[in-house]
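Given chain A's structure and the hints, the job is docking chain B onto it.
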Amino acid sequence: MGRTITLVSGKGGVGKTIITANLGIALSQAGFSVCLVDTDVAMANLSLLLNMQSSPITLHDVLLGEAVIHDAIYDGPEGTKVIPSGLSLDTYRRVDTEKLTQVIRSIHNDFDFILLDGPAGIGKDTMASIASADESILVTTPVSAAIADVLKTKIVCQRLGNKPFGVILNQVRKEKGEISDTDVSKMMELPVFGVYPYNENLRKAYLAEKVVPILIKDPTSDFSLAVRKSIKKMTGVEIKTEEKSAGILGLFKKSASSKETEALETPEKGEQTETKTIKRGFLDFLKKKKE
Amino acid sequence: MIKKFFASVKSAALKILDLDDTEFPRDQFEFIYDTSRKRIDWTRIQSEDIKKFLYHLQEMHMVDSITVSTKAGTLIGSSNGVGNKEALDKTALFNYIDSEIPSSEVVLIKSNDWHILVPFKENVYIIKAKSDLTKAELNAIIEEAEKFIKVHPSQEKSLLST
Numbered sequence: 218m219g220r221t222i223t224l225v226s227g228k229g230g231v232g233k234t235i236i237t238a239n240l241g242i243a244l245s246q247a248g249f250s251v252c253l254v255d256t257d258v259a260m261a262n263l264s265l266l267l268n269m270q271s272s273p274i275t276l277h278d279v280l281l282g283e284a285v286i287h288d289a290i291y292d293g294p295e296g297t298k299v300i301p302s303g304l305s306l307d308t309y310r311r312v313d314t315e316k317l318t319q320v321i322r323s324i325h326n327d328f329d330f331i332l333l334d335g336p337a338g339i340g341k342d343t344m345a346s347i348a349s350a351d352e353s354i355l356v357t358t359p360v361s362a363a364i365a366d367v368l369k370t371k372i373v374c375q376r377l378g379n380k381p382f383g384v385i386l387n388q389v390r391k392e393k394g395e396i397s398d399t400d401v402s403k404m405m406e407l408p409v410f411g412v413y414p415y416n417e418n419l420r421k422a423y424l425a426e427k428v429v430p431i432l433i434k435d436p437t438s439d440f441s442l443a444v445r446k447s448i449k450k451m452t453g454v455e456i457k458t459e460e461k462s463a464g465i466l467g468l469f470k471k472s473a474s475s476k477e478t479e480a481l482e483t484p485e486k487g488e489q490t491e492t493k494t495i496k497r498g499f500l501d502f503l504k505k506k507k508e
Numbered sequence: 013m014i015k016k017f018f019a020s021v022k023s024a025a026l027k028i029l030d031l032d033d034t035e036f037p038r039d040q041f042e043f044i045y046d047t048s049r050k051r052i053d054w055t056r057i058q059s060e061d062i063k064k065f066l067y068h069l070q071e072m073h074m075v076d077s078i079t080v081s082t083k084a085g086t087l088i089g090s091s092n093g094v095g096n097k098e099a100l101d102k103t104a105l106f107n108y109i110d111s112e113i114p115s116s117e118v119v120l121i122k123s124n125d126w127h128i129l130v131p132f133k134e135n136v137y138i139i140k141a142k143s144d145l146t147k148a149e150l151n152a153i154i155e156e157a158e159k160f161i162k163v164h165p166s167q168e169k170s171l172l173s174t
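So the sequences go chain by chain: A and B. Its first residue numbered 218, the first sequence is counted upward by one per residue in my numbering. Its first residue numbered 13, the second sequence is counted upward by one per residue in my numbering.
Extracted from the complex, chain A is given alone in its bound form (with noise of 0.2 Å):
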């Protein structure tokens, strides 16, 4: 049986779509079988970074009892697959969100896991995606506005019965002014699984003509490694990262990226194999050098 977990944050704009994404990703790259499911159905963004923006059957017509749901599942990047969400606003104003739950828990079994992109706020479709999913991962940016609707959104988790099992900090520039990884655990009684760097590049993604989530456009960003990390943290599965060939800025990237991941999570035991292929990377490069 697999897992069902929905990325919600409350607060719009913390990054729960690249998280949803990047997320599935890793997970297929560790071997699971991922589905990634547009459950922000009025505001649906996951397709236009994925480029399904033209998928013809959408979680919409699912909705209104228009297509079944396998029809709408589309092959994804790194073998995952995506349900997306329609763009119309005439087809979101007759689509059903009740039925989201009993759409959702007929693939339950199809998958290792269904990670549900969940929309902003504590709304009508915002209770269906959590009443559609059995767990929740709290997505916030190290602010006190962000970490103020997290918190009223784990509650909204506790009482229909959909059980919260970790925080990921996004957005982590390391000023002074931003709230702990261990202040956000403590005041959300829950572990922060993931903390991600702030990167331009994700800002950047959908700045393109073809968007390319930054796990695949770049492996070996600290918000890659981030994320892997984080894979590990939620599955107990490793995945090894790829190398990079590298120039002189590659270098400086790869060091700086190696440096900050380390400063952002103090690595626990048995998990220092992606830090330690970029060192090697890096001996590599001057070894081959000097040759």
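Among the hints, a few may not be true.
[Unchecked claim] DSBU-like, lysine-lysine: derived pairs with alpha carbons at most 30 Å apart: (1) A/K427 <-> B/K162; (2) B/K27 <-> A/K434; (3) A/K341 <-> B/K16.
[Claimed, not checked] Covered stretches of chain B (in silico footprint by chain A; criterion: 3 or more residues with CB under 8 Å from a CB of chain A, positions within the stretch not fixed): (4) 61–67; (5) 148–155.
FYI, nobody ran anything at the bench for these hints, they're computed from the structure. No experiment lies behind these values; they were computed from the predicted model shown. A virtual CB, placed ideally from N, CA and C, is assigned to each residue, including glycine.
Below, chain B alone, put in the same frame as chain A:
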């Protein structure tokens, strides 16, 4: 490439020169922290008495009252303890609407507050709330209450007999 290089130099310079002019929002943090302490005591919901149980369920879901009745109008339990008349009246109302509009899943009445009537198997749930609830919230309330009624059937029978 050059842009990236200068961005890295700038970020390093900012760190070295300590130009981070942000400040930890202590007041806000403490307020949020205090708010997070005021949470629901989930253990209280495990009461043996249906009235207390429904009262805790009412608090947990932030509604004004929860009454459970059979479709025949017999009270099973109420969070406010005075649900006999309500059970009889609202069940009659639900049955009437259901006879006019078959397979009614929810009946919503706005009269100052919201009166929400939801059938489930042989029971009718009568929930009063300040705003209408989503189906997900209604399902969560009903699921919890049904679990309780299933585990405490004797209570249901004794109430039915009175």
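Sort out which numbered hints this structure fails and list those numbers smallest first.
1, 3 and 4
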